[in-house]
Amino acid sequence: MSEQTPVPQATTSPADEHRRVESVEGAPRGSAFGRFMSSSAGRNVGLVVALLVLCVVGAATTGQLFVDVDNAMTILRYASVIGVVAIGMTFVVTGGGFDLSVGAIVALASIWSTTVATQTMAQDFHWIVMVFTAIAVGAGCGLVNGVLIAYGKMAPFIATLAMMAAARGLAEMISDKRTQLVDVQGFGDFFSGDFLGLPVLVWIFAVVCAVAWVLLNRTTFGRRTIAVGGNATAARLAGIAVNRHTVLLYVLVGVACGIAAVMLTARTSTGSAQHGLLYELDAIAMVVIGGTLLGGGRGTIVGTIFGVLIFSTLTNVFTLNNLDTSTQAVAKGAIIVIAVLLQQRVAARSDTS
Amino acid sequence: MTAETILQMSDIVKTFPGVRALDGVDLDVRKGEVHCLLGQNGAGKSTLIKVLSGAHQPDSGTITWQGERVRLNTPMAAMNQGIATIYQELDLVDGLSVAENIYLGHELAAAGFSRHGDTERAAGRLLERLGHPEISPQQEVGKLPAAGQQIVSMARALSHDVQLIVMDEPSAVLDQEEVGRLFSVIRDLTADDIAVIYISHRLEEIREIGDRVTVLKDGRTVATGLSAPDTPTSELIREMTGRDVEYAFPERGMTAEDAPVVLDVAGLSSPGDFTDVDLRVRRGEIVGLAGLVGSGRSEILETIYGARKAGSGSVTVDGRRIRPGSVAAAVNAGVGLCPEERKTQGLLLDEAIYRNVSLATLGRFARGGFLRRGDERAQAEQHVRALDVRPADVERTAGTLSGGNQQKIVLARWLLRECRVLLLDEPTRGVDVGARSELYALVRRLADEGVAVVLVSSEIPEVLGLADRVLVLSEGHVVHEGQADDIDEHQVLDLVMEGSAA
Ligand SMILES: Nc1ncnc2c1ncn2[C@@H]1O[C@H](COP(=O)(O)OP(=O)(O)OP(=O)(O)O)[C@@H](O)[C@H]1O
Ligand SMILES: [Mg+2]
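Top to bottom, those sequences are chains A and B. Every position in the first sequence, counted from 1, becomes a number in the numbering used here once 808 is added. Every position in the second sequence, counted from 1, becomes a number in the numbering used here once 408 is added.
Keep in mind that the hints were calculated from the coordinates and are not lab data. The reader is advised that the hints may include incorrect statements.
Said to hold, decoys possible - Keeping only pairs whose Cα atoms sit at most 20 Å apart, straight-line, the calculated SDA-like set for lysine to any residue is:
no., chain 1, residue 1, chain 2, residue 2
1, A, K961, B, R716
2, B, K717, A, R1052
3, B, K717, A, N1051
4, B, K551, B, Q474
5, B, K717, A, T1041
6, B, K717, A, R1044
7, B, K551, B, E749
8, A, K961, B, E846
9, B, K551, B, P541
10, B, K751, A, T1041
11, A, K961, B, G733
12, B, K717, A, Y959
13, B, K751, A, Y959
Start from the sequences, fold in the hints, and give me the full structure.
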């Protein structure tokens, strides 16, 4: 699958260009290897290598614990849930936005849907109702975010920060801070089951990825997303309804959170106001590691998928090595910085070679 | 006085991936002269001066500055040698004040604390020297009009101890009056023995201000040391294009008196920008708006297009009133706007050319939301070819094109759209002579096909030559309306001046 991110990007502004030229021209001129590494395929190769290195490290430090089918499935199940969120995030970031409220929305959607399930108590309650509830809640939160940002002219950072606080608060109120057990007939069976040897959760993630790839690379929606993120004024003057599109992007990430909430509820058999804690940071890190440009105008679904896998594997290796969460957090922070620095190097090289 | 050579660039080569932008260029500049660089879009002018300003490193070739071979590794190195550059695309920091921009990078400071008062006084003196004491050093640069920003760039250049100032198409954002002022500044500079390299696509300017001309074509020097005032236009054009180009406006069509009015603007006002503008454009007609920068021309177009809210008045297309303040409504009614600022309002610099061209027409290439990219690319390619964009590779990113070629991309977008009403704001800014006549012919052809065109240009001859009818604007008022044939450049200028004096 080749990604449709336009190859080496051009300069963003003349001032920018000079600055960059200044810093890089001294470096050796782009070798064939350098050029390849900076093409979109090359960037993905870099991610593959990173993933492989991680696996080697995992195998070397924990041996049989890591190299194990069950462990692989654990990684994949974890990756699938946050992966869906990261895919949604890819769109918002490509469109020049930002969403800090994804984790909170996941929590609220999970609580809301489990509450619906426990309160109805009806014999013929079908789990599909939970799915719809979660997605509707996610979409609703996204709608509020989008309207505040597009029409209320709020900075995405502020609007979604407010939503982050409010949604988790609401989740705590609804649940009375109690974890809600899910015991709906068929729900667990369906989502925790396997299909063709792979967990259903993984299949869901795969489908979301495929749909997202097509959406970003093959449809007018995707093209407009890139345009809005790349140059909002130009997009508006080209007749694109920028505000409406922005709202749609936040609704889309909200829907992704709804789906993730269902998956998480199924994976843990509970609804909880503590679900999705720090998802926003992990998701943004995955998106950025994958090569999507913070600030908008360029996005890659394939990159995000690698970002998700790398980050999830990393977490797994850390856990297997019994690193406590604080150490993990520090290590993750460092890795994000390194990944982004590496990427900028590669991108800069392609600009001036 | 036989002026000594101050700068000698020999056999400069610079390649970008897939393009040989400079392929052995020679340039020599004498002390105190205005040396003009001419060449078609993409000929390599901007690249050459970026090499000179230290922004690009040449692959090979030598630069001799004041008798010594130099290497200019960074813009700072060039500055320190006394070479200052005003780039084609202004590179000021919008959020900073005028004074802060002028001294950016070499702030007047004592022990790390910037000396605010001194900076502002020094900036004020520079602006005065440039004949613009009305620009306040404290003002935020982003709020200045383009011409004002140009002056700030110039002041920034002068804030260094310079021997040579390079100006890449400085007049593109100026109107005639301001170009006049720019020229008097240039004359002052050369009187002080400062040399100027001047790039422009307007041959009249080169005649007026230039001493000698060097012509570039496809990254090579094809002529050098030509006399700027005396070389015949036809010869300059032949050197640039390698062929004889007729530099003329296309025949006007006959717009029938009873042709239906397509665009009808009545009593349009926007407080502070323009008042009570009436404008009717018939099918097949080109109506030009002439006036100074700041006379409200661009604002009128943007208001018609719904990108700005009108205070009062109405816009009607084909007899149907369009909802004010809505771009979507205007676009649906068949209105297209080719905006003035290609970088900020027009282009996705990181995106492929064909994607830039198809941006306003995505719906046409989509079935059920899915893009048919083959179609999209083919049609974009057709228009890119028609406008002679170089290189004509639609997969390239827009940001790697030369300035004039970027302008053509924005134009191609609206040609592809096939509008009922086409609003053109400075369509030829930065476009070379050859492509200009092609562009004029194209606009006329569109009109003949029934499109109603509104044309805004700072070049009065262009408005008078291309349009059927002209409206002259001054400070937001229409001061004259009539057939383009019945008025000449001087009358237009008089009207503009009178209006602003009144
Ligand atoms: N950063 C870049 N990457 C790739 N190609 C480039 C880059 N900058 C310039 N070019 C190419 O180099 C050639 C010369 O461009 P340049 O900007 O010097 O032209 P120019 O003479 O200034 O034209 P114009 O009159 O349109 O401003 C063009 O073909 C352009 O596409
Ligand atoms: Mg140029």
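- Query: Can you give the numbers of the hints that this structure goes against, from lowest to highest?
  - Reply: 4, 8 and 13
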